[in-house]
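Enquirer: Listed below are the residues making up each chain.
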Amino acid sequence: MIRIIARKEFTEIVRDGRFMWTAALMVLLLLTAMLAGWQRHSSYMATQAAAQGATNTQWLKQGDKNPHTAAHYGNYAFKPLGPLAFFDNGVTNYTGTTVFMEAHKQNFAIASPAADTSAIGRFGELNGAMILQVLMPLLVIFLGFTAFAGERESGTIRQVMSMGISRLSLLWGKALGLGSAVLMVVLPCVIIGAVFIAMTDLPMVGEGLATRIALLTVAYLAYAGIFLFLTLAVSAWSRSPRTALMVLVGFWAFTAFIMPKTAAEISKAVYPSPPYGSFMADMKAHRARGFDGTPPWAELGKFQGQMMREYRVSDVKDLPFYWTAVRMQRLEELDQRVFDQHFGAVTAAYAGQRRFQDRLGLLAPTLPLRSISMGLAGTDLIQQQKFQDDAESFREAMVEKMNGYLSRAAVSLNGVSSASNYLVANEDVFAIVPPFRYQPPALATTLAEHWMNFAVLAFWLVAAILLALLGVKGMALERD
Amino acid sequence: MYRLIAMHETRALARTWALWAILALLVFAIAFAAWSGGRSVSRQLKGAGDAASYEVGLRDRMRQETAEYEAKVKATGGPYEFATVRHAPGQGPPQGTNAGAVGAETAAYIALPPTGLAALSIGQSDIQLDYLPITMGKSLAMTANAELENPVNLLAGSFDVAFVVIFLLPIFILAMTYDLLSSERERGTLAMVLAHPVSLRKLMASKLMARAAIILLVVTGLGLVAVLAVGNYLETPETWLRFALWIIVTLVYSMFWFALAVLVNIYGQSSSTNGTILAGAWLILVVIIPTLISLVATTIYPVPSRMDLTVAAREAQTAAEKNMDKSLNAFYAEHLEYVPAGDQRAMDFMTLGQASANTIEKALSPLYAEFQARRGQQQGLVQRSQYLSPAVMMQLALNEISGTSSERYEDFLQQAAKFRTEWNDYFAERFLRQDPLRPADYDSFPAFRYQPEPFSVVLKRLAPSLSGLLILLLGVALVPLPGIRRYQVAAR
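Listed in order, the protein sequences are those of chains A and B. The first sequence lines up with residues 1 to 480 when you count with this note's numbering. The second sequence lines up with residues 1 to 492 when you count with this note's numbering.
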């Protein structure tokens, strides 16, 4: 019985003029978005690989110089993206692509693409994820809002019920028919997307590609299911098709457009993060007065005394290592505590904002889906943070290696003026710093961070199904 | 007659829950938007203030040290000398006497002041830094100009009044008008009403006026409250001129959506068909076309990646360092006045820095120019294709009116570049001549004064968007006129 109803529903939808138009528009947009996303992603990756290669070479071929000066010359980290970024670009446009890693200073990732595009970019990016998150629900609504309300208006529902069909089979049949119609539009595009990825010869950043695609599919199917059952529920409850349409479109605008912005604004107030100017001023001032109130120069004085006592010497030039280098490394460690505190505070505020927004997913299913999609595509805040953390670890190791080498190799220069006589190192020494490599977080880490979003999405699906069940149970058969 | 029907409509509307729900949502949305817009502007101002006062504090300390030094020199009768750059505190003249140290180790923060209406349309000002550190030796091309903000929030975008007007207001307008005629026809009352001495055109106009009056009064009233609550410079006429423009574009934009609803009602059929068509139109005009324009603009004119720019800058830096002697010679050849007496050529790393910065800037300038040119082309394409969507025209118009447009920011960047040259030249000259700074010199440092753009420039840049909106409104409003005659009054 359910199959018969589903087939009737499917045929009716597909033969409707509305279907042709909306389906054509969806397919066209999805294909355009996927193609453009692919093109943008390939050119980004090519640029990134070339830039990282070039800067690695530049580090080695920077010319013979003092190792500490080489650490000042520093190195750059350019962020690679996983292959799924072409489908969901996530926060990529709004995050820095480049971290300058140098001695004495921790830097933010800079050069975000959004800073260099026109304000119209803020209308959003047309990518596969955006279409499935924003337009697919509307497709479901357009095709389904008349499911019960329309039949009630034309009076056919009474006839159908008089034939002894249970309300439940009617619901499942309609859901199946509507679902197949929606899938018929979306599925081909998803398959084409998968073929794109299979054809790629880009380096695979991030493991578990197949699992990621499978989980993405599950999440988007659940999301479509939420709207499908909500549409049927509202269609069953509403007195007329136009009320159903108004309610559904209102909910759609609420979850897809209003809530993401609202959640962002509220989270900013709950977990405030400092503007650039205040951050820099606070950090510099803190650095100058010392982490716990003892200025760096006093700390260094203390450190000098400690070293001299430890090695039982009365003059730094008798120390068994190059004092200038050890002193600089000590300064590095002192500063590091300040950096860790200030950068850590910003990271914590952002993470708090992100979690807060995810929790508001209880009001709008688009929020958890958006997070899951970015997370699995490798374009969310967590991955960006990992990139910056990797760059920071690299920076610390690079500086430590250069200062360390200097401290061992230049012992004979202790007490000599460093302005006129200093050690010069070459490429072989710079090579002890291995090239920067970004290790994206493991799939397990991503999933652990997002399990709550999956739970919220599941909650929405169950709630939508329950609402639909309640809807058909209490459905009026006649117009009043 | 118009008044009678309009009055009746207003009374009828006032008894529907939908109207009150819509008005409540509108009030809530604008209040929330004003709150968050105000927070955004004060956050920027706080950042600019903190950054500037920190750097001023650094220079004040340097000045105080030179004053103490000057007093000491006066008391002991020694020469007032120039300090070489060093990092550890010690004996001798303080760092504040060295123009190189002052010019390069402290920054002059220059700020783009918000306009009176900045809080109403945030534009790109949550991404672009409205205050820039200007230092000696660092070119603007390599200065980070990104505000510190959570990318998740940037992706979502600001919930500002512009968002409410561009995205939500049309939804509210369409919700009130999508069944303007069709509902009466479906209930069968339309034929009854038209049996009285009233034309369809009059009836429709009156129904429309009732709705438009309610919505527009509320929007302009709330807009005024928002300006009073979170606007700046309320005492200047410019703020109120800007607000007048804000009202005008908002009215034109709203009228467009009313006209569109009428158009669909005249040619449409059932209420639910009208609803579907109008929802689809909203989707296409407000969501799909703007994102498509953006996609096309970034695909046709891709801005060269900053990553390439970074690598090229580094290439130039390495080359300059390797040819230090050469770049130093080139620098001295251009600046004969700075060639030091005797054989002490490379004074210290600051001179070298100054020399290589020169080389790097020269090497980078063609790349940066290409970068800027592409950005300009992209901007141009957006400007030309804005006519495809009222939402894009409206966004550009509101950004312009609120002073958050890309053009105003570009102008600020140009002023910044000019000031950087001024700042650099002042300190470089004093430094290279080894002319020690005295405390009194601290008053004559170059100071940045933002030159506001004349209001005529704002109007000129606003003209394309505003006239585009007006033409679109006229077009949509005139199309239905012939259709009115053929309107099927009774339901089939």
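By construction, these hints were calculated from the structure, which means they are not laboratory data. Even for Gly, the Cβ is constructed at its ideal location relative to N, Cα and C. Do not take every clue at face value.
Said to hold, decoys possible - Pairwise CB distance ranges (calculated):
(1) 195/B <-> 180/A: 43 to 53 Å
(2) 369/B <-> 439/A: 52 to 62 Å
(3) 198/B <-> 12/A: 32 to 42 Å
(4) 439/A <-> 56/B: 35 to 45 Å
(5) 24/A <-> 380/B: 23 to 33 Å
(6) 46/A <-> 42/B: 34 to 44 Å
(7) 46/A <-> 366/B: 39 to 49 Å
Said to hold, decoys possible - To give a feel for the contact side, a few chain B residues facing chain A, derived at Cβ under 10 Å:
(8) 19
(9) 113
(10) 124
(11) 139
(12) 140
(13) 147
(14) 157
(15) 183
(16) 276
(17) 318
(18) 364
(19) 367
(20) 369
(21) 444
(22) 445
(23) 448
As the list claims (entries may be wrong) - Take a look, some chain A residues computed to stay more than 12 Å from chain B by CB distance:
(24) 46
(25) 65
(26) 113
(27) 265
(28) 291
(29) 314
(30) 340
(31) 396
(32) 466
(33) 467
Enquirer: Are the hints correct? Go through all of them and say.
Expert: Status of the hints after comparison with the structure:
1. At roughly 48 Å, the beta-carbon separation of residue 195/B and residue 180/A lies within the given 43 to 53 Å, and the hint holds.
2. At roughly 37 Å, the beta-carbon separation of residue 369/B and residue 439/A lies outside the given 52 to 62 Å, and the hint is violated.
3. Residue 198/B and residue 12/A have their C-beta atoms about 40 Å apart, which keeps the hinted 32 to 42 Å range intact.
4. A hinted range of 35 to 45 Å holds for the C-beta pair residue 439/A and residue 56/B, which are about 43 Å apart.
5. Taking the beta carbon of each, residue 24/A and residue 380/B are about 31 Å apart, inside 23 to 33 Å as hinted.
6. The hint said 34 to 44 Å for the Cβ distance between residue 46/A and residue 42/B, and at roughly 42 Å that hint holds.
7. Hint check: residue 46/A to residue 366/B, Cβ distance near 22 Å, so the stated range 39 to 49 Å is violated.
8. Taking 10 Å as the C-beta contact cut-off toward chain A, the hint placing residue 19/B at the interface is violated, the least distance being around 13 Å.
9. Here the hint on residue 113/B is broken, as its CB sits about 14 Å from the closest CB of chain A, past 10 Å.
10. Of the supplied interface hints, the one on residue 124/B holds, with its beta-carbon coming within about 5 Å of a beta-carbon of chain A, less than 10 Å.
11. At about 14 Å, the closest approach between the beta carbon of residue 139/B and any beta carbon in chain A exceeds 10 Å, and the interface hint on this residue is violated.
12. Taking 10 Å as the C-beta cut-off, the interface hint given for residue 140/B is violated, the closest approach to chain A being about 14 Å.
13. The criterion of a C-beta within 10 Å of any C-beta in chain A is met by residue 147/B, whose closest approach is roughly 5 Å, and the hint holds.
14. Checking residue 157/B against chain A: minimum C-beta separation of about 5 Å stays under 10 Å; hint holds.
15. Hint on residue 183/B holds. Least Cβ distance to chain A is approximately 8 Å, under the 10 Å limit.
16. Taken as an interface hint, residue 276/B checks out: its beta carbon lies about 6 Å from the nearest beta carbon of chain A, inside 10 Å.
17. For residue 318/B, the interface hint holds, the least distance from its beta-carbon to any beta-carbon of chain A being 6 Å, beneath 10 Å.
18. This hint is violated: residue 364/B has a C-beta 14 Å from the nearest C-beta of chain A, more than the 10 Å allowed.
19. Taking 10 Å as the C-beta cut-off, the interface hint given for residue 367/B is violated, the closest approach to chain A being about 13 Å.
20. Contact between residue 369/B and chain A, as hinted, is not supported at the beta carbon level, the nearest pair being about 14 Å apart and thus beyond 10 Å.
21. Of the supplied interface hints, the one on residue 444/B is violated, with its beta-carbon coming no nearer than about 25 Å to a beta-carbon of chain A, more than 10 Å.
22. Using the Cβ-Cβ criterion of 10 Å, the hint placing residue 445/B at the interface with chain A is not satisfied: the shortest such distance is roughly 19 Å.
23. For residue 448/B, the interface hint is violated, since its Cβ never comes within 10 Å of a Cβ in chain A; the closest pair sits about 15 Å apart.
24. Not every Cβ of chain B is farther than 12 Å from the Cβ of residue 46/A; the closest lies at roughly 10 Å, contradicting the non-interface assignment.
25. The claim that residue 65/A is not at the interface with chain B is violated, since a C-beta of that chain comes within 12 Å of its own (minimum 8 Å).
26. With a least beta-carbon separation of about 8 Å from chain B, residue 113/A fails to lie farther than 12 Å from that chain, contradicting its non-interface assignment.
27. At roughly 4 Å, the least C-beta separation between residue 265/A and chain B is not larger than 12 Å, which violates its mark as non-interface.
28. For residue 291/A, the condition that its CB be more than 12 Å from all CB atoms of chain B holds, with the nearest at approximately 18 Å.
29. Remark: the non-interface label on residue 314/A is consistent with the geometry, its nearest Cβ contact in chain B lying 21 Å away (cut-off 12 Å).
30. Annotated as non-interface, residue 340/A keeps its C-beta farther than 12 Å from every C-beta of chain B; the closest such distance is 17 Å.
31. Once the 12 Å rule is applied to beta carbons, residue 396/A is consistent with being away from chain B; the minimum gap is 21 Å.
32. Separation of residue 466/A from chain B is adequate, the least Cβ-Cβ distance of about 25 Å exceeding the 12 Å criterion.
33. Separation of residue 467/A from chain B is adequate, the least Cβ-Cβ distance of about 21 Å exceeding the 12 Å criterion.
Hints 2, 7, 8, 9, 11, 12, 18, 19, 20, 21, 22, 23, 24, 25, 26, 27 from the list above are not met by this structure, while the remaining hints are.
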